[in-house]
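Colleague: Chain by chain, the residues:
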Amino acid sequence: MKSPHIYRLLGGAALVSLLSTPGCGDKGTAPTAAAPGLPAAEPISELTVARVDADLSKPDPDASYWRSSAPGAITLIAQPMIAPRPALVTTEKLILQAVHDGKHVAFRLSWADPEMSEAGGLGQYSDAVALQFPFNNEKLPPVMMGGDGDPVHIFHWRAQYQHDAEHGKPDMASLYPNASIDMYAMEFHDAPGGSRDEREMFNPGVALGNPQSFHKTAVDEIVSEGFSTSAVQAGHGSDGRGVWKDGSWSVVVTRAMTIDGGSTLAAGGKSAVSFAVWQGGQAEVGSRKSLYMNWLPLTVAP
Amino acid sequence: MSTVKNWQLGRDIAYPYDENRPKKQWAIVFDLNKCIACQTCTLACKTTWTSGKGQEYMFWNNVETKPWGGYPLAWDLRVLEKLGRQDWSANGEYLGKTLVEAAPPSERVLHWAPEDQDWMYPNIGEDDCAGGTVDGGGHMAQLPHDKWFFYLPRTCAHCTYPACLAACPRKAIYKREEDGIVLIDQTRCKGYGECVRACPYKKSMYNPWTRTSEKCIGCYPAVEQGVQPQCVVNCIGKIRVMGFINPPWSARADNPIDYLVHQKQIALPYYPQLGLEPNIYYIPPVHADPAYLEQMFGPRVHEAIERYRALPQDPVAAGLLCLIGSTDRILHRFKVERGIATGSDADGTELVSVPVTESIFERSAFDANLGVVRNNTP
Ligand code: SF4
Ligand code: SF4
Ligand code: SF4
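Chains as they are written, first to last, in my numbering: chain A, 56 to 357; chain B, 778 to 1155.
Honestly, I wouldn't trust all of these hints.
[Said to hold, decoys possible] Think about it this way: if two alpha-carbon atoms lie no more than 16 Å apart in a straight line, the pair counts; the simulated EDC-like pairs of lysine to aspartate or glutamate are:
id, chain 1, residue 1, chain 2, residue 2
1, B, 1112, B, 1127
2, B, 874, B, 892
3, B, 830, A, 226
4, B, 823, A, 237
5, B, 830, A, 253
6, A, 300, A, 117
7, B, 830, A, 242
8, B, 800, B, 955
9, B, 830, A, 252
10, A, 113, A, 252
11, A, 194, A, 280
12, B, 800, B, 1001
13, B, 859, B, 884
14, B, 801, B, 1124
15, B, 830, A, 255
16, B, 948, A, 280
17, B, 830, A, 237
None of these hints come from the bench; they were simulated from the model.
Chain B extracted, bound-state conformation:
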């Protein structure tokens, strides 16, 4: 067992292999305040990658309603239950055990193993509210109201310390040096399903036709060409941006992902306490139950929400949010100057520029020149 640095937990953790950070680390940031659960991302992934035999039930990208939804069934509750109560210190250091640290000697990772039925309700709990009961009508007239839910889109997190990789006795899973994408070698996998058991996020899936396990491939063929993944570029809500994250000690303020995660600290990893250093990051929903959010995102979630609420006063952050969803290309750098947000490639080539505030034109509905009435259809 090695000791490795986990910046998300503010301490060193145990892991079966040495720390070996890739040259670049694939990452996605999701703004949960904007997801509408249209599942376009889910279908973009499905039609691109998993339309084959044995993949019928697979959603490498899925969107579930929290707190009731979960694919596979109650994956989060079941792994948290296994781990039991753990605590954070007041300054954000994790005092509890990670899944590797809590594993009995006979296991690499503490886990629960899903059965096939668990995978068969991908949309369970959709749009179900949590919170207190509504006494009378018109609760929407009063904000904030006590009903909440939010949508949680999920892909594989291409973890820095993947549980799937740790658990594979055949060493058939590897993390790419060039971009940190975690892949299962489809020529070596024997379908033991250890990764399916071990991944707490349940993003490794067994294919009963090919008898191997499969998982989100981070859309590496696109990423290799500087293009963001399918589930990102097809997002209707423009809630997602994929890029490369640096650890905090080498973060760059002009890197969009570093900016959101390290500089502004408004995007947080989910269930970081499991100890994998997952690389999907969420801007937490501002309206959901704070205790629930703390369980999912850790104690820093409350400050993150405060900072997010203050974003309209920050022209740089507002500019970056405008760049999200405005190009298929991977943004390595961005800048906001004179009301224009510009994103560029690794070598500085400009990829896209957008106004931070769109100009507003006002005109009368009746066009006297043409003698017609025009509707505004945005």
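With the rest of the complex left out, here is chain A:
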């Protein structure tokens, strides 16, 4: 199978050689063009979660404790397994930092994205990032969304969900301020005998309790046992906060270290993590994503 990732790398190398000064000696490494807001980082093949003396229950991308964790870079590829998938990788480099306070573990994830996308209207998609942990730290599940009876635990942050958390779920008037709507037949709140069920009859996702249709906290918790099986679970207080600045995102996702019936990270222990990034501006959503194709070993400081 031809890897779309390879195309992009070759294209990138060709571009670099056009731009580089003739006679420049070092041909071995192509310089990576970092977005202005992106921290400098060395490539890593495992990640250490540093212990800090702070309360990590709330996400804070600007906190000083992030200096305790040296930024490490991993390379993502375009999701290669199932269509629809991106023809080219959009997010090649993801920069990671991780800290814990004994109760919560927080990850700061940074990547270049030229435009900030919060979605909302038709045909618009949100920037997003997901972290995936194994249920079983000893015998890791299949990295692509787990396997049958071998679940993974996913924490999915979306700019759209953060917008919900900060400003409320946008109503139609804010999504389409120039639209005029005379009435919603089922929304006469004062109609005698009118019930909530009746009013929501014409909002199928809401009426059926689809988690997608409700106001979101910034992070969805998802359990998956393979492709097409992921299902949103009741959350365990995980939270996220992202800042987009100068062409890059910096997003913190924080979660409890111990989650009963879920994934667990223990101080002094080992686990693994994987990642996916979506660029809403490139119409990425669902299986259209850049991802890390391996489990990245995690060492949690005592």
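Assemble the complex: chain A is given as a structure, and chain B with the ligands must be docked to it using the hints.
Modeller: Below, chain B with the ligands without anything else, positioned relative to chain A:
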């Protein structure tokens, strides 16, 4: 990728899932010669199903003027442009590629993705004519004249090989075994909008309030009770009939849909070359540009028009057309005997019978008994 039989194209096609035809297949036949674009169907659907938040722009049923109209904007041109020129053989076999076959490896279905603006002009091009210019007045006195347009009412086609279903990575779309209706599971949909991108007919729509995609549900609650959909029973022009279609190898001449599509071959699927085996069928308009009609309905369109023109000589066909719009119930069988057309249920229970030719009564305008003048107001 599986190989499945597509009778509309006269050949096997590629599809991501195996062939799995439902026990019965929902279908509508529309007589495009009779549609008046009153949009009663559109409003019947709208008031029944899509009056909620996020559904403001949705018309699961819409009626557009061809060739200029399109909801969303130029949906047909844009998907045909993507596919590029393809050909049919002289005997009606499709030589080109379907949307699944033409898709790049990274996609399930070749598609174009509409933006929100594309949905905002549902009535664009209404009543705009195509064809040559009119040199002088009185062009209506000479028939046929060179100006044409026609109205195209559209619902979801509850395709045998739905592109929406093929494209959903969550497998949240399913086709019902009992009637072939294609539904989006509103508890599983995550609003990725892959179905919105993939459906070439653009009959899957994103709801920005519920953040899920929604589509025509074939009025399944009515269909389950033996009643035709809202957009059918409310049709002012009585141009539509909903029933169940069989594939040609098990077609029954007494099934109204099979009769129109397979037996008489006057009703054709639209844009069959896209490869979905859509289950809305059209009796083509007799007066529109033949090349345009061929692009939309395939090479068999010209014979279909000839056969339609000859219908007045066929008492059975004429009888069936009289049954269309005469009952809300779904007709499974029909017969025409001694000038009476009768439609019946699956178990043979008679649902309706109508005279093929209405009796004509003549009387003088002045009623001498009552001493009044009567108008005829039909
Ligand atoms: S109600 Fe019937 S005649 Fe009127 S626009 Fe719809 S299909 Fe055409
Ligand atoms: S018309 Fe479109 S939405 Fe309807 S079944 Fe076919 S592909 Fe799906
Ligand atoms: S079949 Fe029902 S849901 Fe579909 S377009 Fe017609 S009225 Fe609307």
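Colleague: Each of the hints needs a verdict: does it hold here or not?
Modeller: Do the hints match the structure? See the list:
1. B/1112 <-> B/1127: OK: residue 1112 of chain B and residue 1127 of chain B at ~11 Å, within 16 Å.
2. B/874 <-> B/892: violated, 26 Å
3. B/830 <-> A/226: It holds: about 9 Å lies between the C-alpha atoms, which stays within 16 Å.
4. B/823 <-> A/237: Holds: residue 823 of chain B and residue 237 of chain A sit about 14 Å apart, inside 16 Å.
5. B/830 <-> A/253: The given pair, whose Cα atoms are some 13 Å apart, holds under the 16 Å limit.
6. A/300 <-> A/117: Since the Cα atoms of residue 300 of chain A and residue 117 of chain A sit roughly 12 Å apart, the hinted pair holds (cutoff 16 Å).
7. B/830 <-> A/242: holds, 10 Å
8. B/800 <-> B/955: With Cα atoms ~5 Å apart, residue 800 of chain B and residue 955 of chain B stay inside 16 Å; holds.
9. B/830 <-> A/252: holds, 14 Å
10. A/113 <-> A/252: violated, 35 Å
11. A/194 <-> A/280: Given that 16 Å is the threshold and the Cα spacing comes to 15 Å, the pair holds.
12. B/800 <-> B/1001: Roughly 14 Å separates the two Cα atoms, so the pair holds.
13. B/859 <-> B/884: holds, 13 Å
14. B/801 <-> B/1124: This hinted pair holds, its Cα atoms lying about 15 Å apart.
15. B/830 <-> A/255: It holds: about 9 Å lies between the C-alpha atoms, which stays within 16 Å.
16. B/948 <-> A/280: Holds, at about 14 Å.
17. B/830 <-> A/237: Holds - the C-alpha atoms of residue 237 of chain A and residue 830 of chain B are around 12 Å apart, at most 16 Å.
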